[in-house]
Amino acid sequence: MLRRGNGVVGRGMVERMVSSMLCGGNATTTTCSRGFSAEVGEQQRARKINLFTAINDALNLSLEEDEKTLIFGEDVSFGGVFRCTSGLLEKHGSDRVFNTPLCEQGILGFAVGAAAMGYKPVVEIQFADYIFPAFDQIVNEAAKYRYRSGGMFSCGGLTIRTPCGAVGHGGHYHSQSPEAFFMHSPGLKVVMPSGPKDAKGLLLSSIRDDNPVVFFEPKIMYRTSVEEVPYGDFTVPLGKAAVVREGKDITLVGWGSQVGVLRQAAEEVEKNDGISCEVIDLRTILPWDVDTIAESVTKTGRLLVSHEAPLTAGVGAEIVSTISKECFLNLEAPPLRVCGADTPFPLVLEPFYLPRQSRVIAEIRNSLAF
Amino acid sequence: MIRYVAGRWGASAALRAARIGGGSLPELPTSSGRSVVVRGYAAKAGEAAEPSFYEFRDRKIPFVSQLDIHEPSLTGGMPCFRVLDETGQCVLDDASAYEVDEELGRKMYENMVKLQTMDTLFYEAQRQGRFSFYMTCFGEEATVIGSAAGLDFKDHVFAQYREHGVLMWRGQTFQEFADQCYGNHRDYNKGRQMPVHYGRKDMNFQTISSPLCTQLPQAAGAAYANKLANYDGITVTYFGEGAASEGDFHAAMNFASTLACPMIFMCRNNGWAISTPSDEQYTGDGIAGRGSAYGMPAIRVDGMDALAMFHATTIARDYVVKNQSPILVEAMSYRTSHHSTSDDSSRYRELSEMKAWKARDPVARFQIWLEHKGWWTEEEESVLRAESRKAVMKVLDMAEREQKRPLRDLVEDVYDVVPEHLEKQYQEIKEFAKKHKHLYPNDIPIE
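Residue numbers (full-length UniProt numbering), protein chains in the order written: chain H, 1 to 370; chain W, 1 to 447.
It is worth saying that the hints were derived from the structure and are not from the lab.
We put the beta carbon where it would ideally sit given N, CA and C, even for glycine.
Errors might be hidden in some of the hints.
As the list claims (entries may be wrong) - Computed cross-link-like contacts, PhoX-like style, restricted to lysine-lysine with a CA-CA straight-line distance of at most 20 Å: (1) 107(W) / 240(H); (2) 434(W) / 424(W); (3) 68(H) / 424(W); (4) 373(W) / 227(W); (5) 325(H) / 424(W); (6) 373(W) / 107(W).
As the list claims (entries may be wrong) - Every beta carbon over 10 Å from chain H, so not counted as near; a handful from chain W, in silico: (7) 127; (8) 217; (9) 407; (10) 412; (11) 415; (12) 428.
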């Protein structure tokens, strides 16, 4: 039996407010940790669940399939401030699902060391906004662990889960989308799902992948996004984008909750303007799927990339630059980026900051009119 | 057993009261959502004065009526354990508990001499421009070899950079050290890191990285994992007193303590972090003095006394194995060398100070003791020194002549397999290099 403290430590009043709002009031144990049957046939069955339950499913499955899987972070023992780890401690024990002291660099350092011993730590950073204290451990250590040791050592079992993105009232530190910071770090994989099914399939792939993965979960979708998700084991491959809507006039690229915004914009311009949009969910940000996007742009001749994070040096810049080179002769209009402003994420001005549907629609029309 | 307490804020007041043996204490409200609990239920005036306590989680803090400031101890602090004084004389009345046998004593000494010789000649080779960088561990030979001797081969080591003696103790050859410094094709790191960033999978020695102190929370995580796996060995992490100012030190000490990680925190306090003396690094009682704040036991030891280091490490290791929890060891020494080959330490410290410490050479100190025991002779000394010098010069020449790793290694090991975009970049670089060979070093195979 390992000795450890039994305290559940809160971050502070602001976080409590935000998380309780997001969790829909009192955080109670949910029914999401249903058993996983290995029976044939059961695998194919699906049920309608939300995104946090899909994450919980994937975590439970990982703990079941490999005793080296560990889950830790701040407040994960009681189920997590977003309920993603609900029921896991009771099922798998406090040696494998446990709270850590409130220290992000410690969580990541601890995880890198456990991974170096062949374990599979799936750690949680409570909000992506608080991943920066661990930036050094992620970028200088985790990302370079295999390369610098000539392949002798690796922390490939490591997965970092963290809630990200706008949530309506998150202000500076409960809204950020820091994926571009990590995209610039060779050795990492960076993933963001856009719905419950992908969330489960991509998370299982991330946990099994033999490289450190930063897995961003759009927290606004935890409860609002519901879809059919298969029981049992299935994976969605890393590094592959998904064409979620076919079209011929313009290619729209996004990830996370922005995929929903692009789909709605696509429907609107189809109906009102007769513009046919192809919508692509990038899914993996590093290494990203150049081929799927290049193929689409070759067909449509137009590109619009949209993300919540600030414009300058955002992921959109990388995509636009690469596609401009790959598809130079096919482009009929300048590739566009519809992104967050180059400001800290604002509180009351959030509606103006975000690259919402109306702005995307205006830019689609601009592109077609070019 | 699952240790899981009901309710978001943990145990009820009654449970807490029971835990601290105060069953008669009044029931306290728990809905506040705060773990700060009992205030002011001390005896009322006129009632019999019962001891009253501030009940905080599982601790019982006595109230006092006198407001005091708790000053840190400004003098003394934790004492420092030693066996041999500066002249190599045993200072213990009864040394029987702190001796080593002849075989171990000789082996420790031989390794310290070899380390000193290698450092001297590698340092000179670097100054001659034969490779890019070097760091010696002059003044700390006893710290490193003494502690290495007190560990088990299967103990996992997470080092900083001035601990190559641990690898030497575990069997790394002069040639292998030289291959790493030259980054030739035999370097285990494939020539990717600066010199002295050694690592050996087969010697349970994690590859060194430059960012200071990052290895400490990693060691804690490794210790935790090894404990779950019932691994038959502990984890040890080395670091300097400067690195202990990093946030990762705090993270690691606190995690190791709360998660009961079986490991040794081995601090080399050599008085200097490049040009920064330790009194600009901290004002507390060194590093060992921090242990109790984290609920961690600590040992302070003379790091220039190989015997003391060996025994301190052995005892610390036994403690870790027995208690399955961490311990902190602070080895006091003096960095008699420059920080690195990029540093001239005469610019920030007195020559006289360096000379005084050099005179306390830990290697010479141990040699005197060995000779006194009749386990070492002048003749053996000159043979060992001469042969070590010869061997080190030879491996430097050999390492220098070896080819470097191929260009392909640029993109290997970034990931488990080379991803498409990286393969493309490699092909571009390779094609360019093939067409412009004169622009590139000729000891790197392009294909």
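Outcome of the hint check:
A threshold of 20 Å between alpha carbons decides the hint, and for residue 107(W) with residue 240(H) the separation of about 57 Å lies outside it, so the pair is violated. The suggested pairing of residue 434(W) with residue 424(W) holds, with an alpha-carbon distance near 15 Å, which does not exceed 20 Å. Simply put, residue 68(H) and residue 424(W) have alpha-carbon atoms about 35 Å apart, too far for the 20 Å limit, and the pair is violated. Note on residue 373(W) and residue 227(W): the hinted pairing is violated, with a Cα-Cα distance of about 41 Å set against a maximum of 20 Å.
Proximity of residue 325(H) to residue 424(W) is assessed by CA-CA distance (about 14 Å); at most 20 Å being required, the pair is judged to hold. For the hint pairing residue 373(W) with residue 107(W), the CA-to-CA distance comes to about 15 Å; that is within 20 Å, so the pair holds. The claim that residue 127(W) lies off the interface holds: its Cβ sits roughly 26 Å from the closest Cβ of chain H, which is beyond the 10 Å cut-off. With a cut of 10 Å on Cβ distances, residue 217(W) falls inside the contact zone with chain H, its closest approach being about 3 Å.
Once the 10 Å rule is applied to beta carbons, residue 407(W) is consistent with being away from chain H; the minimum gap is 15 Å. With a cut of 10 Å on Cβ distances, residue 412(W) falls inside the contact zone with chain H, its closest approach being about 7 Å. Its beta-carbon lying about 5 Å from the closest one in chain H, residue 415(W) breaks the requirement of being farther than 10 Å from that chain. Every Cβ of chain H is farther than 10 Å from the Cβ of residue 428(W); the closest lies at roughly 13 Å, confirming the non-interface assignment.
Checked against the numbered hints above, the structure violates hints 1, 3, 4, 8, 10 and 11; every other hint is satisfied.
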